[in-house]
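**Student:** Dock chain B against chain A, hints included.
First to last, the protein sequences are chains A and B.
Counting from 41, one number per residue, gives the positions in the first sequence under the numbering used here.
Counting from 99, one number per residue, gives the positions in the second sequence under the numbering used here.
Honestly, the hints are just simulated from the structure, not real lab data.
Only a predicted model underlies this, so the values are computations on that prediction, with no experimental measurement involved.
We put the CB at the ideal spot given by N, CA and C, even for glycine.
Keep in mind that a hint or two might mislead.
[What the hints assert, rightly or not] Quick partial rundown of chain B residues pointing at chain A, CB under 10 Å, derived from the structure:
| no. | residue |
| --- | --- |
| 1 | His155 |
| 2 | Arg158 |
| 3 | Leu161 |
| 4 | Arg162 |
| 5 | Ser166 |
| 6 | Ser168 |
| 7 | Glu169 |
| 8 | Leu170 |
| 9 | Gln173 |
| 10 | Tyr186 |
| 11 | Gln188 |
| 12 | Gly192 |
| 13 | Ala209 |
Spelled out from the first residue to the last, the chains are:
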Amino acid sequence: MEPSPRPILHVEDEANDIHLLQRALVSAEIWNPVQVVKTAARAFAYLRGEEPFAKRDYYPIPGLILLDLTLPSLDGFEVLKWRQSQPEIRIIPVLVVTNSQQPAEVRAAYEAGANGYLAKPANFNGWLDMVKAIRVFWLNQNVLPAPPAPRVLTPENDVSRNGSLARFSLERAAV
Amino acid sequence: MKQFSTGSEAGFGAIAFDLPSIAESLEMALPPAARPNVADQELSLQTMAAVHSALAHEVRGPLRWVTSFSELLIQERGASLDPIGKDYLQRIAGAAARLDEVMRDLQKFIARGVQEPRPVAVSLEAAVCAVLGNLSSRVSARNAQITIQRPLPRVQADPEWVEEILAQLLDNALKFVPAGTTPLVRIRAESSRGFVRLYVEDNGIGIPAVHQERIFDLFTRFNAESPGTGAGLALARQACARMGGCTGVESQPGQGSRFWIELPTTE
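For reference, chain A alone in the conformation it holds in the complex:
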């Protein structure tokens, strides 16, 4: 059986851009699950596997992160900086998708570890072209590092009787 496609984490606070990206994904028939988070804090929580995203079987490690730079409170640069400090997170490719094409911001994003920098398209066909290009390269051709291996169960951490998350880890460890 084909492994199910790795999810995309979309870090974006603008409802219209969230809608346009999802609509473009549907038009392009890209079926990777997409998890949207609207703030940097929620992106951290998702990527760390903290509440409300603690159940990794529902909220798996993404295969790709799409990141807006202008976010409320902590901005996209903060997300990039934090990612660089996390060994298991910084191996996940991040594409910046944002309004500005100011050379200084582009440079700063790459310096902070972005793997690509895309300007938000001016029209819907532009969104369609963009998600198709992402599919061809980042979702199909590009080889992703494997997600971190599930913890090996020992008597100390085997809490399989206590919940679905641990049961899921057990099943995986048995494969």
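**Tutor:** Relative to chain A, chain B alone:
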């Protein structure tokens, strides 16, 4: 403004930051009554940077949404709209696209006000040929005759900016010619007192004297049908001024126009 100090003697080509001309270029964008008395140049630079960023994020963002959702409405729900509804929708999409173009030119104008030119010795002849190469399909479509009075001298200027200015002048020379008339364009130059003046002469519709200064203002168009936002000549004048030069026009209605730019020679 004819200050153009390069630091090339001092080593790396550091260019003195020409604050007055930045303020001038900002003021050129405003009608006389709205022109501020800019005392604090530093503040005006910060203001421009803030305006530039606001245009990118707060204005062009919502504009993209108007364009994108109009497009989706036509593509996905077009069948349920009657012809009048479709017409309105297309007008909305057209207006948004136009506004986006205006915003892009405005951002360019503001950015150009704070960018520094990177002047080197530029062959006007090579620059004219490069620009004509890019315009070749339009030149042949209009069967235009272009005469270059060789040789054209060299100027001390930013090569990209020079090509942009020339592209604008030559585009206008080809554009504002009555249908059925063969465009005749003549390009020549003369040098005096440390400056080169390059002329682009056409046999187009000409410009009435009362409009001759205003055509260099941002977003002035005297022909509602012509494409573009009317920012081209303002951008050309600004680029010239930022490189220590100036621009002008001599024209009479029905007699064609003679646009000129002045840039420092290479000495």
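**Student:** None of the hints should be skipped; say for each whether it holds.
**Tutor:** Now the hints, each set against the structure:
no.: 1; hint: His155; verdict: 5 Å, holds
no.: 2; hint: Arg158; verdict: 7 Å, holds
no.: 3; hint: Leu161; verdict: 8 Å, holds
no.: 4; hint: Arg162; verdict: 5 Å, holds
no.: 5; hint: Ser166; verdict: 4 Å, holds
no.: 6; hint: Ser168; verdict: 9 Å, holds
no.: 7; hint: Glu169; verdict: 4 Å, holds
no.: 8; hint: Leu170; verdict: 5 Å, holds
no.: 9; hint: Gln173; verdict: 7 Å, holds
no.: 10; hint: Tyr186; verdict: 18 Å, violated
no.: 11; hint: Gln188; verdict: 14 Å, violated
no.: 12; hint: Gly192; verdict: 12 Å, violated
no.: 13; hint: Ala209; verdict: 9 Å, holds
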